[in-house]
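*Asks:* Take these sequences, add in the hints, and give me the full structure.
Next come the chains, spelled out residue by residue.
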Amino acid sequence: MQEIYFDNAATTQVLPEIADIAVRMMCEDYGNPSAMYGRGLQAERAVKEAREQVAALIGAQPQDIIFTSGATEANNMALRGGMKARARRGKHMVVSALEHQSVIQTVRAMLELGYDFDLVPVDTNGRLNPTVLQNMMRSDTIMASIMLVNNEVGTIQQIPELRRAIDAKRSQVLLHVDASQALGKMPIDVGELGVDLLTASGHKLHAPKGVGFIYVRPGLRIPPFINGGGQEAGWRSGTENTPGICALGLAAKLAREQMGTRLEQVKQVRAVFLQGLKDLSGWRVNGEGADLLPHILSVAFDGVKSEVLLHMLEEKGLLVAAGAACSSRKDTLSHVLRAMRMRRNLIEGTVRFSFSHLNTVDEAERASQLVCQAVQDLRGII
Amino acid sequence: MRIYFDNSATTRPYPEVVSAVNQALLENWGNPSGIHSFGRDAYDALSAARKQVGGLINAEPGEVYFTSGGTEADNLAILGVAGRFQRGHIITSSIEHAAVLGCCHYLEEQGFDITFLPPDAEGIVSAAQVAQALRPDTLLVSLMLANNEIGSIQPVAEVGRLLAEHGVLLHTDAVQAVGKLPVDVQQLGVDMLTISGHKINGPKGIGALYVRHGVDLQPLLFGGGQERRLRSGTENMPGIVGLGVAAEITAKRWPQQARQAAAVRDCFWHELQQLIGGVVVNGGWSQRLPGNLNLSFQDVEGAALLLFLDLAGVAVSAASACSSGRAEPSHVLQALQLPEWRLKSSVRLSFGWENTLLEARQAAKIFAEQVELLRRDKA
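Those sequence lines, one after another, are chains A and B. Quick note: the first sequence uses this note's numbering, first residue 1, plus one each step. Quick note: the second sequence uses this note's numbering, first residue 1001, plus one each step.
Quick caveat, the hints were computed from the structure, so don't treat them as lab data. Mixed in with the good hints there might be a few duds.
The calculated label-pair distances, taken between Cβ atoms and stated as ranges, are [to be verified]:
1) Glu17(A) x Arg1002(B): 24 to 32 Å
2) His1166(B) x Leu119(A): 38 to 46 Å
3) Glu1109(B) x Lys169(A): 31 to 39 Å
4) Lys1051(B) x Gln172(A): 47 to 55 Å
5) Pro223(A) x His1166(B): 28 to 36 Å
6) Glu1369(B) x Glu17(A): 41 to 49 Å
7) Gln1186(B) x Lys84(A): 36 to 44 Å
8) Pro223(A) x Gly1062(B): 27 to 35 Å
9) Gly234(A) x Trp1341(B): 23 to 31 Å
10) Gly1277(B) x Glu17(A): 47 to 55 Å
11) Gly1313(B) x His311(A): 58 to 66 Å
For each residue, glycine too, the CB sits at the ideal point set by N, CA and C.
*Replies:* Given below as structure tokens:
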């Protein structure tokens, strides 16, 4: 039985050519990029190319990209660094209620350091309202953190509009955008978005786990987060993860070149999957009234417990998730779905299907049949 | 033929490591936090690697926390202890790696008191110095097991015994020592110990911090709560399985590898002394890492020598790789209070188990030629 992997928002399969470059960086260009001799210079050149490739994907300059161990580190660095850089102007930040745990838990931990934050509510479709955001700005607000695409529902936020709303109320507020789910899946231009800090990881984009980056707008300086040898031009110490970095670079390049065709494929897979659910009753797409990234499909099934459904689907070879992977081992209700004011029974019946361009229409058809069957079986039992 | 005598900067991954990484990339690429089979397979690989790393240093698997490398592990240990207190005193040495020194300087700005113990002429800090520096508010001692530039081995076990009576935590950066010395967290009596993957023929971008059961650290990274809440972030699975395999191989082979590195070093040094004069060893001999040699050459500019050697096919470094972009003299050699010429003409050679006696003899010849060229230019 060929398993169907619809959990691409948790992590993605590494593409063979991307794995190849990581392996090459271990076997041939294994020098330390900080070393002065040939082998080190080769590694340094490869890192430079990767920086250019990542920058090109988001409309940035290479020197504005700092590689990290992943999006979690990048988010921690963005928030703590950004707040420290602006600490003289205030202590308050606003954070969307949909943020990933790496943002929420970081700002919580910062309460101890005397910082303060408010969660910006969203509507039932998971959208931030510019006026609401504007009204939450205080005279000591120095930063806002809003994810571009939510990882559980796929909601796309209108960042430029939110940026304008912030600026209209208070100047020089830093805007951080977590683009982990969006990177390479929709056009991103840091200039158009008006962001000061943007973060993402590699493993959501068919690159390996353990690498990510932070974009820092030119002219902005935030304190380093990890102390040491001063790599990454002093921004981020630690010997560079050259296999990971070069793999991320190639992933960025491929995503940029193939964005159109990949997006078409994902849209088709999603459409076929949804079409296959048509005859099933008692379900709805969460956040349907907002712009959604086609890669993520959050469905609430009436009268079904998602954890039971997940296991049934897995037995039949369909791999999906209830919510974010990193919190899947905990028994808590999704903070994202709660923020969208969904009823408890619908939250408990929610399954996230997340697609990649590697998925096929045939998989979508088979998967929809499996879902219909499993949901009907479960409802029959009850 | 190119000769690589910079194994303290980084090492070439074992072929077994490369295959394990490749397998994690192409086959077992699930997210270990996922609850389906892809996630469980990844989780199993994660557990296996934790056991392998624990085995290398005689720790329980549950005491091993994966990080993005030695630097992050050092940061987690030092900032993690400091984060549990508002104020306090920390003791370290003035020859630590930049990761430890950087954290200590940062904490100094935050209002902590730091004592930087100077080494003796051999590059060693004594347990007596630590004892003397202890204060009632001392929280932590961070002392590297072996120095990365001059290879001097510090009396960590002795410090461990001393601190056991005082209830002060002990961290050691064992990045350079692992694979070259016996490293046993029980014998050392340490509470925390830092390992890096790429120094033991594992991948770059991965390391680990050993944290003794019961030691409470403030996390550096907040988020999904991975690594039992101490280190959030999706696990770097290719790196972790690569480090696991490197640890298992190193645990088996290190005594022989260390002997080989020492033999190549001794051969090189013997040959070089036959060929030229005006060269001295920085640091002592008796307590030195088997693969380390740090030399200063009279009437030679270190940076020029590195360049000439590279063109002639020998890769060595000035001090530590991570600071080699800077023009400042090494803080380690400065701490030895060496005269100016020795600071400016120093070269670090770090030999690995893959190096051969033939390479040693060839490199000695090349060194002698290049040094003489430079001296002639100067004269």
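*Asks:* For His1166(B) and Leu119(A), compare the CB-CB distance with the range 38 to 46 Å and indicate the outcome.
*Replies:* holds (44 Å)
*Asks:* Honestly, do Glu1369(B) and Glu17(A) meet the 41 to 49 Å range at C-beta?
*Replies:* Holds, since Glu1369(B) and Glu17(A) (Cβ atoms, about 43 Å apart) stay within the stated range.
*Asks:* Holds or violated: 27 to 35 Å for the Cβ distance of Pro223(A) and Gly1062(B)?
*Replies:* holds (33 Å)
*Asks:* Is it true that Gln1186(B) and Lys84(A) lie within 36 to 44 Å of each other by Cβ?
*Replies:* About 39 Å separates the Cβ atoms of Gln1186(B) and Lys84(A), which means 36 to 44 Å holds.
*Asks:* Do the Cβ positions of Pro223(A) and His1166(B) conform to the proposed distance bound of 28 to 36 Å?
*Replies:* At 33 Å between Cβs, range holds.
*Asks:* Could you tell me whether the CB distance from Gly1277(B) to Glu17(A) stays inside 47 to 55 Å?
*Replies:* Holds, since Gly1277(B) and Glu17(A) (Cβ atoms, about 54 Å apart) stay within the stated range.
*Asks:* Using the C-beta atoms of Lys1051(B) and Gln172(A), is the stated range 47 to 55 Å upheld?
*Replies:* holds (50 Å)
*Asks:* Is it true that the C-beta distance of Gly234(A) to Trp1341(B) lies inside 23 to 31 Å, as the hint says?
*Replies:* Holds - the Cβ-Cβ distance for Gly234(A) and Trp1341(B), about 30 Å, lies within 23 to 31 Å.
*Asks:* Is it true that the C-beta distance of Glu17(A) to Arg1002(B) lies inside 24 to 32 Å, as the hint says?
*Replies:* holds (28 Å)
*Asks:* Please test the hint of 31 to 39 Å on the beta carbon pair from Glu1109(B) and Lys169(A).
*Replies:* holds (33 Å)
*Asks:* Starting from the hint 58 to 66 Å, judge whether the C-beta atoms of Gly1313(B) and His311(A) obey it.
*Replies:* Given about 60 Å between the Cβ atoms, the range holds.
Of the numbered hints given earlier, the model fails none.
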